[in-house]
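Listed below, chain by chain, are the residues.
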Amino acid sequence: MSYGPRPWQQTNWDWRAAANFMLGGTGAGLMIAAVFVQNPLPHAVLAAMLLIGGGLGTVWLEIGRKLRAIHVFFNPQTSWMTRESFAALLLFVLSSIALFLDSRQVLVAAALAALAFVYCQARILRAAKGIPAWRAPQVVALVMATALVEGSGLLMVMNPDLLVISLFTAAVIARAVAWSAYWTALKQAGSRTALETAGKALVQIGTIAPLALVLGAYFLPQAAALAGIAALLTGWRLKYVLVTRAALNQGFALPQLPVRGTR
Amino acid sequence: MTRWVMIADLRRCVGCQTCTAACRHSNATPPEVQWRRVLDMEVGEYPAVKRVFVPVGCMHCADPPCMHVCPSTATRKRADGIVTIDYDLCIGCSYCAVACPYQARYKTDVAEFAYGKAMPNEEIRHDEKRLGVATKCTFCSDRVDAGLAQGLKPGIDHEATPACVNSCIAQALQFGDLEDKQSNVSQLLAENQFFRMHEELGTEPGFYYLWDKKEVQA
Ligand code: SF4
Ligand code: SF4
Numbered sequence: 681m682s683y684g685p686r687p688w689q690q691t692n693w694d695w696r697a698a699a700n701f702m703l704g705g706t707g708a709g710l711m712i713a714a715v716f717v718q719n720p721l722p723h724a725v726l727a728a729m730l731l732i733g734g735g736l737g738t739v740w741l742e743i744g745r746k747l748r749a750i751h752v753f754f755n756p757q758t759s760w761m762t763r764e765s766f767a768a769l770l771l772f773v774l775s776s777i778a779l780f781l782d783s784r785q786v787l788v789a790a791a792l793a794a795l796a797f798v799y800c801q802a803r804i805l806r807a808a809k810g811i812p813a814w815r816a817p818q819v820v821a822l823v824m825a826t827a828l829v830e831g832s833g834l835l836m837v838m839n840p841d842l843l844v845i846s847l848f849t850a851a852v853i854a855r856a857v858a859w860s861a862y863w864t865a866l867k868q869a870g871s872r873t874a875l876e877t878a879g880k881a882l883v884q885i886g887t888i889a890p891l892a893l894v895l896g897a898y899f900l901p902q903a904a905a906l907a908g909i910a911a912l913l914t915g916w917r918l919k920y921v922l923v924t925r926a927a928l929n930q931g932f933a934l935p936q937l938p939v940r941g942t943r
Numbered sequence: 754m755t756r757w758v759m760i761a762d763l764r765r766c767v768g769c770q771t772c773t774a775a776c777r778h779s780n781a782t783p784p785e786v787q788w789r790r791v792l793d794m795e796v797g798e799y800p801a802v803k804r805v806f807v808p809v810g811c812m813h814c815a816d817p818p819c820m821h822v823c824p825s826t827a828t829r830k831r832a833d834g835i836v837t838i839d840y841d842l843c844i845g846c847s848y849c850a851v852a853c854p855y856q857a858r859y860k861t862d863v864a865e866f867a868y869g870k871a872m873p874n875e876e877i878r879h880d881e882k883r884l885g886v887a888t889k890c891t892f893c894s895d896r897v898d899a900g901l902a903q904g905l906k907p908g909i910d911h912e913a914t915p916a917c918v919n920s921c922i923a924q925a926l927q928f929g930d931l932e933d934k935q936s937n938v939s940q941l942l943a944e945n946q947f948f949r950m951h952e953e954l955g956t957e958p959g960f961y962y963l964w965d966k967k968e969v970q971a
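Residue numbers (the working numbering), protein chains in the order written: chain A, 681 to 943; chain B, 754 to 971.
The set of hints was computed from the structure by calculation and includes no laboratory data.
Idealized CB from N, CA, C, for every residue including glycine.
A couple of the hints might just be wrong.
These stretches of chain B come out as covered by chain A in the derived footprint (C-beta under 8 Å, 3 or more residues) [to be verified]:
{"hint": "1", "segment": "769-775"}
{"hint": "2", "segment": "803-811"}
{"hint": "3", "segment": "821-835"}
{"hint": "4", "segment": "935-944"}
Residues of chain B clear of chain A, computed beta-carbon distances all greater than 12 Å [to be verified]:
{"hint": "5", "residue": "P818"}
{"hint": "6", "residue": "A902"}
{"hint": "7", "residue": "A916"}
Computed, partial: chain A to chain B, Cβ under 10 Å [said to hold, decoys possible]:
{"hint": "8", "residue": "F754"}
{"hint": "9", "residue": "A808"}
{"hint": "10", "residue": "I811"}
{"hint": "11", "residue": "A927"}
{"hint": "12", "residue": "Q930"}
{"hint": "13", "residue": "F932"}
So that you can see chain B by itself, here it is in the shape it has in the complex (with noise of 0.2 Å):
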């Protein structure tokens, strides 16, 4: 079995937003929609006061509360851990959108553009289907797919690889499947401590935060 799984190193990011950028270019997402988000956070209280640089968007939960509340069908989960969105099947409820405990999805009604008109680039990436309907990050996974399928690995080869973790610049974002304990994610969560966001809820997130490394035992 496979379960793919992102990681992000919080050590690392350092906040560029090239990830985002680079999810809306492959993506061609709306203004306002971004599948993946750095968040820029201020925790503590003065003077002790820290800057920490976030990534999130879809945490493609192992047990989504998304899926379970959508009364159309069109939110699955694959055999792989990847969570999906039929937007033939989509009604434009949002209820998953607040079911949803990340914030990680959107509807947009009509269609929007980065400058009012559309740029000849926006033309030809229109896509009338993500009209009404509810969208996320999708793990990339055609990128996922198609690279399977000419024998890559995901997390590894860049064809095969979520257009976020390519452009990282700190390569603190990291792709890979959990199942392999070979692999690049599963070798980063033997060495080092992480957390899961709002993992008092159940939701088992496939997206995991690196924030020491772990302690060496004496």
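So that you can see chain A by itself, here it is in the shape it has in the complex (with noise of 0.2 Å):
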């Protein structure tokens, strides 16, 4: 193995970790955009719920030790991870109650514990002091925006209404707002290689052409839908090569040399 002082991609999280971040975000971000839908869908929650245990369990898969799995609620005091795990619990129970009940009010109460879900996830990466391109205090709104994007655009396919293609619109300017505030703060060089092309894809595929997509969409209705999937799965690229690729750890470095010998 040879270490030195310029930075390399961390190997510890893989496509599992990253498979949480886009999986749980998109299913965080229905929950979320299924509260603005008139009559709430049943498939829209069930999905929702689907996507954010498959999520959670990719990263089971990834963990060294599954049987001992429970122990990620030792710590709500200061892990993000662990917070991130109870408000996922918190998540199941109250859709759960709200499918049975048929329930807007407990709907609503899910979606919260939704937000607070992908804002653990948003909080995870930022606490990585490890990885600059993760610590970076603009990932949080990079990561929430993504999800709301990724789940409003799944809700658009299943239902392209008024509200949601609204709720859409206004999520797909935020990502690109998050994404520009992060792009400009991203200083690391080899991260910045590595999601240039992604970014890019991001504002052309899912910015640019989604929002004319939906423009189209009074005109030809399948329009909205493959703006909703443009726009979901540029963010899914974005957060794969975001924990795959462009997660450099700092290296090391000496701000002094040793001053040996004579001067």
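Since each chain comes alone in its own frame, lean on the hints to assemble the complex.
Structure below.
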């Protein structure tokens, strides 16, 4: 193994961790967006639960000691991973009750739990001090906006009503702003190189094209679904790259060199 | 109070990796796992190039991000500053590894041996508890504790001192109590100029690098 001052890609978290941010984010966004539909859709809530459960399942595949996964709940005082797990638990309980009772109020509570869940996900990255591309404060808004775009995009595929389209449009714009702030703040050259293509796709295919398609949806309803899918896939790609290729560590740095022999 | 810290004198380290070997021997770490590493760094641009050997490992931070993120409370900090991992609590999520700015943590999922099959010494020292969990330098806390129990002084008495420090052929590595103003480490820090790695991150590492003697006041 060769280590040096130059940063290198972390290998502790791979596609399984990335999948949690992709699936979990989309599921949480879908749960939040579902509240905005006039008649809540049980299949959207169910899909949100499946996505979040699937994301947590992939993380479970990554941990070294699977049978003691319950220990993840032990540190709510400081760990955003513990808090994410509690938010997920609450979300599952509330959304099950919402489905069972067909209650809009409980669904709103579940959506709040989903918001907490995705906030925890964002803070998980922010708290990873070893990875400059994650610890940037701007990552929080980016991850949250991305989740909302993915969720509302998926809901638009299921149910392209005006309220959902409006939410999606606002989320896409918010994500573009969050991405721009993040990209401006990101200084590490290796991470920038890794994220460049995915970032461009996010702006062109995930922002400009969907906004145009949403306008076109007044004439052709299928355009809304296409917009949703484009925004969803570009968001997934960005998060996948952020975890698996742009997550360079800081390497080692010497602010002073040793003074040996004569000066 | 006590605060155990380590010092690496960058003027003295010759990059021989004896400390790395001593650590591996003392702690029976598997191949590719080096709790104490020595980086071989080339710094500067031709013709002003310097080669520097930099011992690294867990810095036993006073404000350790690995501990804050750990969901299972497996990572803790003792009152004397040593950051520990409870192998029975750890779930092997590796969150600590991405939170550590010093690449100090490892996770080995399956047993690995130097020559594929376990040698007799590896068989004896193999510990299932260390599979699938995070591991890192312990500052040889078992040696420190056992030494203290016998009334020995860590950093001075070999039996109470981390293996890497004991083995260093150039006495580049030192270990001691920062809170004791008379200790070896306190004296060295008083007499020399030093820095800590990535100090700007606020982790307050317990690992100091000496790079020059202090300017003598006229
Ligand atoms: S060096 Fe890394 S593993 Fe060690 S205490 Fe600091 S953050 Fe934790
Ligand atoms: S790998 Fe173990 S010590 Fe590290 S954060 Fe996870 S539970 Fe804590």
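State the violated hints by number, sorted upward, taking the hints as numbered earlier in the document. 1, 4, 5
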